[in-house]
Amino acid sequence: MPAVPPDGAPALHVESLDVTYGRALSALRSVSLSVPSGAVVALLGANGAGKTTLLRAVSGTLRLHRGAITAGSVRYGDTVLDGRDPVAAVRAGVVQVPEGRRVFAGLTVDENLRAGALGPHRRTPDRAHEARERVLTLFPRLAERTRQPAGLLSGGEQQMLAIGRALMAAPRLLLLDEPSLGLAPMMVDRIAGVVREINAQGTAVLLVEQNAGMALSLAEHAHVLEVGELRLSGDAAELARTDAVRRLYLGETADDADARGAA
Amino acid sequence: MSGFLDNLLNGLALGAVYALIALGFVTIFKASGVLNFAHGSLLLLGGYLVAVLHDDLGFAGALALAVLATGAVAGLLDRLVLQRVGGHDPHAAHVQTIVTIGIDIVLVTDLARRVGGDLLPLGDPWGDAVSDLGPVTVADSRLAAILVSAAAIGGAFALFRFTAWGLSLRAAAEDAEAAALMGVRLTRVRTAAWCLAGGLAALAAVFLVAFPAPGLERTTGQIALKAFPAAILGGMASPVGALVGSLLIGLTEAFVAGYQSDLHVLGEGFGDVAPYAVMVLVLLVRPAGLFAARGAARV
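These protein sequence lines map, in sequence, to chains A and B.
Residue 76 is where the first sequence starts when you use my numbering, and the numbers rise one by one after that.
Residue 18 is where the second sequence starts when you use my numbering, and the numbers rise one by one after that.
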């Protein structure tokens with residue numbers, strides 16, 4: 076991890092975070108992790124482990140779900156993000172792609188992309204045009220369908236639109252919530268390629284996934300959440316080799332592990 | 018034949034004015050999920066402001082100020098009262114809808130006290146003048162209603178379609194959380210929608226009380242009720258639906274009134290009931306309204 080990021084983009088620091096829903100249901104307990112500038116970090120865990128809750132805490136949308144940060148902090152560089160609204164996150168350059176794509180189905184592809192640039196930004200019309208060109212180069216399928224209602228796109232195309240829409244805000248850190256959910260294996264590979272490409276262009280990525288194989292192949296660091304607490308953290312390649320992760324998230328059975336041990 | 022054209026023009030004029038009201042009603046619903054039962058009293062407020070201001074400011078000045086002031090009052094009601102009620106509760110919009118009933122009672126009571134039993138003239142330039150258009154004779158106030166409403170509605174549609182605010186409104190109506198994640202300020206977008214609706218209501222007031230209506234009465238706000246079935250049969254959240262529904266209601270009312278003598282089996286004054294009859298008939302055939310959002314989604 077470089078001490079001073081090359082392009083001046085800051086790092087995300089989540090420290091000892093506690094999140095509670097409806098003042099009663101504890102969803103995260105003392106979770107700490109960071110996403111260095113320009114890195115890809117994976118956050119793994121089963122349904123209900125608190126992955127989406129962590130993203131909501133960063134993007135400022137907990138309140139929409141009657142959740143609140145009860146302890147700890149979220150900082151992006153010098154900007155404090157805990158207790159702020161989504162506008163603050165977008166302004167700081169942190170943009171979330173929600174789980175389940177959530178494209179604006181009745182709006183055209185073009186309008187969805189324009190909606191991505193609605194937030195507060197430091198950009199001129201020139202830069203907005205640049206962001207659009209970048210998105211359409213990354214997703215040529217979308218360029219062919221700018222006038223189509225987004226609701227008529229296939230699932231994979233909708234995921235691409237959701238990512239493209241977020242890129243329109245020119246994020247420095249992209250929060251991706253289960254981009255592979257419900258997609259065919261071939262489309263999952265395409266999405267993985269896209270994430271790699273986005274990262275290569277200098278955007279850091281916090282990738283929340285149940286598809287651990289895909290996430291670990293993309294990320295440098297990975298964390299595993301279990302029922303609201305961080306269970307494992309470390310180098311992604313090393314985590315992929317640990318028995319716990321192989322068994323729980325890579326679909327390997329105990330027999331496979333034994334066979335590997337015997338070999 | 019001229020009877021038919023007379024009715025047609027009258028219906029279009031009525032429908033255009035209803036459309037100003039229904040469009041505001043629908044815009045508020047789309048932006049905030051609230052059924053604004055105070056819409057009629059906002060309209061009355063706009064009309065009252067024109068009535069008291071036109072001596073000093075002239076009609077155009079009074080109208081401009083009334084539109085701005087009514088828009089501001091609507092926006093302030095949303096920001097200072099409604100948005101503080103219910104918080105992030107999923108039923109907040111229902112609670113806020115009930116609150117608009119209370120606001121309506123307060124506004125109407127106060128305005129009715131001020132208007133009293135009088136008929137207030139608004140000082141509009143059309144008076145009772147009429148123009149001959151080929152075979153038909155039509156009141157200038159009705160021609161003005163059609164032209165001004167068309168311009169205002171066209172302007173509102175341009176706002177929905179081409180501005181960042183319009184895009185924010187449509188995006189937030191589809192998925193508020195996704196819009197918030199894009200950095201859209203939901204509270205501002207929604208307050209702006211209330212302002213627009215208030216301004217349109219004030220504009221509608223002028224044409225509702227212009228010739229051949231006698232002038233502003235304390236009950237003028239109740240006429241706004243006829244625009245509600247227009248909004249509902251249009252599909253509640255569809256501006257296009259509100260426009261089509263309003264024209265349908267306006268034309269129905271004009272034709273029923275125009276052919277009253279042939280329709281006497283239905284009793285006197287069926288024109289007042291016609292909007293609701295049309296609404297019920299349309300909803301029987303299309304329960305979600307003419308332009309309800311069709312689930313154009315593929316999973």
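Just so you know, these hints were derived from the structure itself, not from any lab.
Since we're looking at a predicted model, the values are computed, not measured.
Check the hints yourself; a few may be wrong.
Away from chain B, derived, C-beta distances all over 12 Å, residues of chain A [claimed, not checked]:
1) Arg104
2) Leu108
3) Thr136
4) Leu139
5) Asp160
6) Val165
7) Ala218
8) Glu272
9) Gly277
10) Gly303
11) Thr317
12) Leu323
Below, a sample of chain A positions facing chain B; criterion: calculated Cβ distance under 8 Å [to be verified]:
13) Ser134
14) Val155
15) Gly158
16) Arg159
17) Val162
18) Arg166
19) Ala180
20) Pro195
Built from N, CA and C at the ideal position, the CB exists for glycine as well.
Okay, the hints, checked on the actual structure:
Listed as a non-interface residue, arginine 104(A) keeps its Cβ farther than 12 Å from every Cβ of chain B; the least gap is roughly 23 Å. In this structure leucine 108(A) is separated from chain B by more than 12 Å, as the shortest Cβ-Cβ distance comes to about 20 Å. With a cut of 12 Å on Cβ distances, threonine 136(A) falls inside the contact zone with chain B, its closest approach being about 6 Å. Not every Cβ of chain B is farther than 12 Å from the Cβ of leucine 139(A); the closest lies at roughly 5 Å, contradicting the non-interface assignment.
Here aspartate 160(A) does not stay apart from chain B, with its beta-carbon only about 8 Å from theirs, under the 12 Å limit. The Cβ of valine 165(A) does not lie farther than 12 Å from every Cβ of chain B; its closest approach is about 3 Å, which violates its non-interface assignment. Every C-beta of chain B lies more than 12 Å from that of alanine 218(A), the closest at about 20 Å, which supports listing it as non-interface. At the 12 Å boundary, the C-beta of glutamate 272(A) stays outside the reach of chain B, the nearest C-beta of that chain being 22 Å off.
Every CB of chain B is more than 12 Å from the CB of glycine 277(A) (nearest about 20 Å), matching its label as outside the interface. No beta-carbon of chain B is positioned within 12 Å of the beta-carbon of glycine 303(A); the least distance is around 22 Å. Interface exclusion of threonine 317(A) from chain B stands, the closest Cβ pair being 33 Å apart, more than 12 Å. Taking the minimum C-beta to C-beta distance to chain B, about 29 Å, the non-interface status of leucine 323(A) holds against the 12 Å cut.
This hint holds: serine 134(A) has a C-beta 6 Å from the nearest C-beta of chain B, less than the 8 Å allowed. A hinted interface residue such as valine 155(A) counts as satisfied when its beta carbon comes closer than 8 Å to some beta carbon of chain B; here the least separation is about 17 Å, so the hint is violated. The criterion of a C-beta within 8 Å of any C-beta in chain B is not met by glycine 158(A), whose closest approach is roughly 15 Å, and the hint is violated. Taking 8 Å as the C-beta cut-off, the interface hint given for arginine 159(A) is violated, the closest approach to chain B being about 12 Å.
At about 5 Å, the closest approach between the beta carbon of valine 162(A) and any beta carbon in chain B falls short of 8 Å, and the interface hint on this residue holds. Taken as an interface hint, arginine 166(A) checks out: its beta carbon lies about 7 Å from the nearest beta carbon of chain B, inside 8 Å. Interface hint at alanine 180(A): satisfied, since its Cβ lies 5 Å from the closest Cβ of chain B, which is below the 8 Å cut-off. A hinted interface residue such as proline 195(A) counts as satisfied when its beta carbon comes closer than 8 Å to some beta carbon of chain B; here the least separation is about 6 Å, so the hint holds.
Comparing the model with each earlier hint shows violations of hints 3, 4, 5, 6, 14, 15 and 16; every other hint is respected.
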